[in-house]
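J.: Going down the list, the protein sequences come from chains P and E.
Taking our numbering, I'd label the letters of the first sequence as residues 1 to 364.
Taking our numbering, I'd label the letters of the second sequence as residues 1001 to 1144.
Keep in mind that the hints were calculated from the coordinates and are not lab data.
Treat the hints loosely; a few may be bogus.
[Unchecked claim] Here are the simulated DSS-like pairs of lysine-lysine, each with C-alpha atoms no more than 27 angstroms apart in a straight line: (1) Lys204/P / Lys247/P; (2) Lys161/P / Lys275/P; (3) Lys1025/E / Lys291/P; (4) Lys1126/E / Lys1111/E; (5) Lys291/P / Lys1111/E; (6) Lys1025/E / Lys1074/E; (7) Lys1111/E / Lys8/P; (8) Lys1034/E / Lys204/P; (9) Lys49/P / Lys1074/E; (10) Lys1111/E / Lys319/P; (11) Lys319/P / Lys143/P; (12) Lys1019/E / Lys49/P; (13) Lys143/P / Lys93/P.
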Amino acid sequence: MTTARTLKLNLGPQHPSTHGVLRLILELEGEKILSCEPDIGYLHRGMEKMAEGLTYIQNLPTVDRIDYLSGCFYSELFCRTVEKALGITISEKSKIIRVTLLELNRIASHLLWIGAFLMDLGALSPFFYAMREREMILRFFEKLTGQRMMYNYFVFGGVRKDIDYIEDIAEIVRVLPEKIEDYEKIITDNPIFIQRTRGKGILKPETAFNNSITGANLRASGVNYDLRTTDELYKGFEFSPVVLDGKDSWTRYKARIMEIKESIKIIEQGLDKLKTCGKLEQKLINPLNIKLPEGEYYSEIEAPRGLASIFIKSTGEDKPYRLKWRTGSYYSINLLRELLIGEYLNDAIAIAGSLDIILPEADK
Amino acid sequence: MNIEKLKSIIEECELENDKITVKNKLHEVVNFLKTQLSFDMLKSITAVDLGDEIELIYNLFSVIDEEDALLSIKVKHEAESISDIFSSAKADENEIYDMFGINFLGNEDLKRLYMPENWEGFPLRKDYIQDDTRLAWNDNGENA
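Please work from the sequences and hints to get the whole structure.
T.: Listed below in structure tokens is the structure:
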């Protein structure tokens, strides 16, 4: 209830920091937030309904668009589920290519987040730096797949074509570590940045579990849960999940910076493997008459914004009977109801930004 | 997942394809899983329109044991809300309300989420209107 002493404030739907259209209805007493009601749905494209009307190969190009910053992950998820249902195993080299591209995609996604997050806080230069490095990755993807964001590169049974331009990836992993050092010099110990993020938006593990928060947000609250450690695809790759115990916005930033470093390690291993494994051999199936056997199929993957999963129910026809996506951002937005209470209005953007929310992913 | 432990509190549950099917007392079962068997996260709730009824699949997860539990219940128009057990259920139930029109008893915050407030029908139901004039691409109400 809005009383005479409280003020209802609409934050959004258009705001430069929301990377999409998110509306937060805040109730304020002075500058203190009493309640927060997120309103989403501005980017709803009906992905799940659309999927029911398309065959599996027709669905394949649409799945990248669930989240335009990490399209590879949703392609991988969809391909993996269809492969699992049809009992196809993919070749060793396809697996290595997939892991390498997934991690490159993760870095690109995290870089954009770092730039956008710092811009939320009023620092414009890191955005340009982050975009500059992200551009290298996007250029590589453009060369390889013809697309900068919606790659449509993974297909049922492997990848569309053999990987090329490996020297570009080598250049990216050579240049990136020193650039990350630069970011750390500018951002990590910056007193203004610390003032705006340290101790703000404390996310306790219990609250995170209760709100189904996963990914880097959960790991920055001290919980060691990274799906990649148990993922079949990542078998043979050495890396250690980033687990930090700060629970605040600053730690969530630090966790993502460290995750980029871990991803670079994985890509380096992928490059070494790619050099020795020769030409791509894979047996692709005819995509025009794919019919999944009757049943329910479920897969999940560690996407940049937390656990992403897909559920397909098939009745034995060439189209899915029901397809459901679970995306990390949807739950992060709903977490704001709890996380913003008692915080100040000028911290609201910083806290919402630190959760890495992407609206098309939440709206599906 | 120890189904025997679960059977001790509720008799009408069956296990098929790693999915526990319950007929009622959903709230009680979820509460038991959370408090007694440490399933502390609700990954998602999936709704599937089976024609005459709607199946709700609850995917619970134990972070400590890294173990999943699938819980299934078939409902018509109403279901028990578990939003007092898991906060994230509020979001899932709202999405299902918007897309399938299931009324979750005990969840006060149900509202249209993706669809406009005055929208009629629930898009992900199989009997959703096909020739909807609101989706017409020209003034004559023609549909693609």
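J.: Flag every earlier hint the structure violates by its number, smallest first.
T.: Failing hints, ascending: 3, 5, 10 and 11.
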